[in-house]
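**Student:** Kindly generate the complete structure, drawing on both the sequences and the hints.
As a plain string of letters, each chain reads:
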Amino acid sequence: MAANLANTIGVWMAVFFTLAILSFLYKDNPFYKLAEYVYVGLSAGYWLIYVMFFDVKPMIVDKFLQEQGFERYIIIFPAFLGALMLCRMIPRIAYVSRVAIAFTMGISAGLGVTGAIHGMILPQVKATMLPLNDINNVIMLVGVISTVVYFYFSREHKGAFGVAAKVGIIFVMISFGAAFGYTVMARISLLIGRAYFLFHDWLGII
Amino acid sequence: MSAPAARKTWLERLNHIDRRLIFVIVFVVVSIPMLLKLTSPVKVSHEVQIAYDFIQSIPAGGVVMFSVDYDPTSAPELQPMILAILHHCFSRNLRVILTGQLAVGMPLGIEALESTAAQFGKKYGVDYVNIGYRPGNQAVIVAMGRRLRDMFATDYRGTPLDQLPMMKNIRNYDQIAGVVDLAHGGTPELWIQFGQARYGVKLIVCTTAVGAPDYYNYLQAKQIVGLLGGMRGAAEYETLVKAPGLGLLAMPAQSWVHLAIIGLILLGNLTFFLNRRAKNAENA
Amino acid sequence: MKQRIPIAISFITGIIIIVAFYFPNGPLGDIEQRTLVWFAVVAGISMVVGVESLLRVNLMKVARRRPGWGFSLILLASCILTLVTATIGQIKYGSPFHVDSPFMYVFSYMVVPLQATMFAVLAFFIASAAYRAFRARNLAATLLLLSAVLVMLGRVPIGETIWKGFPQISDWIMNVPQIGAKRGIMIGAYLGAAATSIRIILGIERSYIS
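Note that the protein sequences, when read in sequence, are chains A, B and C.
Counting in the working numbering, the first sequence runs from 1 upward without gaps.
Counting in the working numbering, the second sequence runs from 1 upward without gaps.
Counting in the working numbering, the third sequence runs from 1 upward without gaps.
Counterexamples of contact, computed for chain B against chain C with all Cβ distances above 12 angstroms:
(1) K37
(2) N93
(3) Q175
(4) A278
(5) A281
Stretch by stretch, here's where chain A covers chain B in the computed footprint (C-beta under 8 angstroms, at least three residues):
(6) 30-36
(7) 68-78
(8) 240-250
By construction, these hints were calculated from the structure, which means they are not laboratory data.
Built from N, CA and C at the ideal position, the CB exists for glycine as well.
**Tutor:** Quick look at the structure:
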């Protein structure tokens with residue numbers, strides 16, 4: 001009974017927020033603004049909870065309480081780096097956060113190098129090296145090379161290079177058109193999701 | 001004289017059409033097929049079929065990891081996918097690990113997992129486990145490949161993984177048959193770079209329709225074993241597992257809105273060419 | 001010193017990660033694993049910085065009764081609501097993320113409709129943009145338009161009802177020319193990303209410590 005009432009109240013709250021956001025389509029208004037601020041506030045709170053329950057608690061507090069010896073005290077190091085990161089909030093000592101930022105940047109960059117070369121460029125280049133006895137393989141190869149040429153701006157697009165770049169733009173436009181076609185489906189899907197909520201969860205007519 | 005004047009009036013009207021009229025058209029065209037409960041079967045594409053075949057090929061008891069990397073902004077597209085694939089996994093007695101690379105989406109994954117598990121009478125810790133989220137994206141994916149417990153010593157409630165029967169023998173990706181990445185951003189590229197390329201993870205990418213075109217080249221390069229793109233992808237998977245959901249329900253509305261938008265594009269271009277002709281006539 | 005130490009840290013951590021990729025087992029692999037776990041800890045905590053800035057700005061607005069302070073108060077109250085519901089969830093269910101927790105209730109009935117509707121509004125704008133901006137002005141724009149229309153017709157069931165060829169054309173676009181262009185763009189982007197990463201490790205790119 002209480003659960004049903006809670007669900008009913010929840011659905012009505014969701015309806016209010018849905019309609020408040022949709023009201024922006026007519027024009028900006030206080031209901032929309034209210035919904036916007038509620039959303040930002042909730043999101044901020046959620047991020048704090050995520051950091052607490054998926055990071056600080058399991059990765060620092062619980063580990064410190066459960067581990068023994070070296071493994072226990074080494075946890076102080078990332079906690080210290082985290083504390084340095086938080087120094088960004090205090091302008092006078094914000095510069096010390098550079099140490100923590102540099103640590104994360106170094107790791108991201110290290111992973112970035114191996115990930116890009118080993119995980120992306122090499123397998124993708126290899127997958128382009130197909131036997132040219134199929135017209136589709138030829139078209140794909142021409143597409144890859146001409147697109148790379150089109151986005152290479154260190155050399156003027158003239159002569160054979162310019163022709164390749166012009167072919168490249170054909171492929172790029174076809175690709176962007178396809179992306180637009182897919183985007184239409186994506187955006188409509190989101191509207192269908194809300195319409196389904198209104199018709200099914202709220203009004204119960206479908 | 002009156003005919004060109006009338007034509008100009010129509011052209012002016014088309015030039016200054018109130019965008020709110022377009023909004024109303026879109027809402028009506030979305031609503032009517034849904035209210036009339038129209039149905040339209042979908043043909044299953046190659047990329048969805050191979051994703052299904054991959055899950056189908058995993059022997060009973062095998063482990064599938066779900067990475068929830070989307071949030072409510074794309075839930076209408078991705079929630080039907082996770083429901084359909086979970087349905088498939090549980091119906092085949094596969095075991096499921098839930099994790100995520102995008103914190104905001106975790107509750108959506110939890111809701112889908114709990115509701116589907118309840119439907120199939122599955123037990124937490126035995127048939128499925130929720131290990132939660134960790135910040136760090138690529139670092140998390142790499143570290144899980146070496147030792148899962150270094151990143152996730154406990155499940156989302158703080159229970160040590162070794163106390164959960166299902167997790168006892170799971171050390172890294174070697175004991176996981178495949179990863180289903182449900183994402184609305186670039187996370188699948190991280191899974192490809194750091195999970196597939198580095199550890200040979202078998203990856204099914206489920207993404208929004210906006211993101212789907214970005215992953216066909218990985219499918220062709222065999223870096224992923226299946227691709228579900230947008231609501232259409234969800235509808236196809238629902239067809240395969242015979243569990244109709246929002247994906248299939250939405251297809252008629254999608255059809256009609258697509259036609260309406262193509263109509264708007266054509267009308268917009270007609271207006272454009274009529275304007276250009278009128279301008280040329282004026283200049284002449 | 002304020003610059004040299006961070007640059008040295010980036011260099012050392014970056015090199016460890018790269019070398020450990022080639023020698024993943026043994027001590028170097030263990031060091032890499034440890035740094036990855038630490039990275040996760042620090043990456044999470046860094047999110048607090050953004051949230052703190054947002055809350056501080058709104059708190060000041062309320063304290064000084066600046067125009068719109070009422071909305072800022074609502075923002076702060078919403079933030080507190082999530083913290084309270086999460087605490088209740090933790091005490092009563094062992095985690096805020098338990099399916100019956102009030103934190104999940106707030107998520108389902110407040111966060112989901114707000115966030116989902118904000119993006120659903122884009123459906124209306126894309127339709128409006130299709131009418132106003134999608135014009136066949138020249139060859140490139142015409143190609144874009146044709147490709148979009150063919151893919152749209154190929155992706156929905158009604159397209160196949162109109163003509164069986166639409167899905168086939170759509171599939172061909174997606175699997176041949178589209179892959180060519182996307183792969184070209186992707187290779188260029190990742191070459192750029194790899195180069196930037198190397199510049200960071202070598203200390204040439206320093207904007208992150210400025």
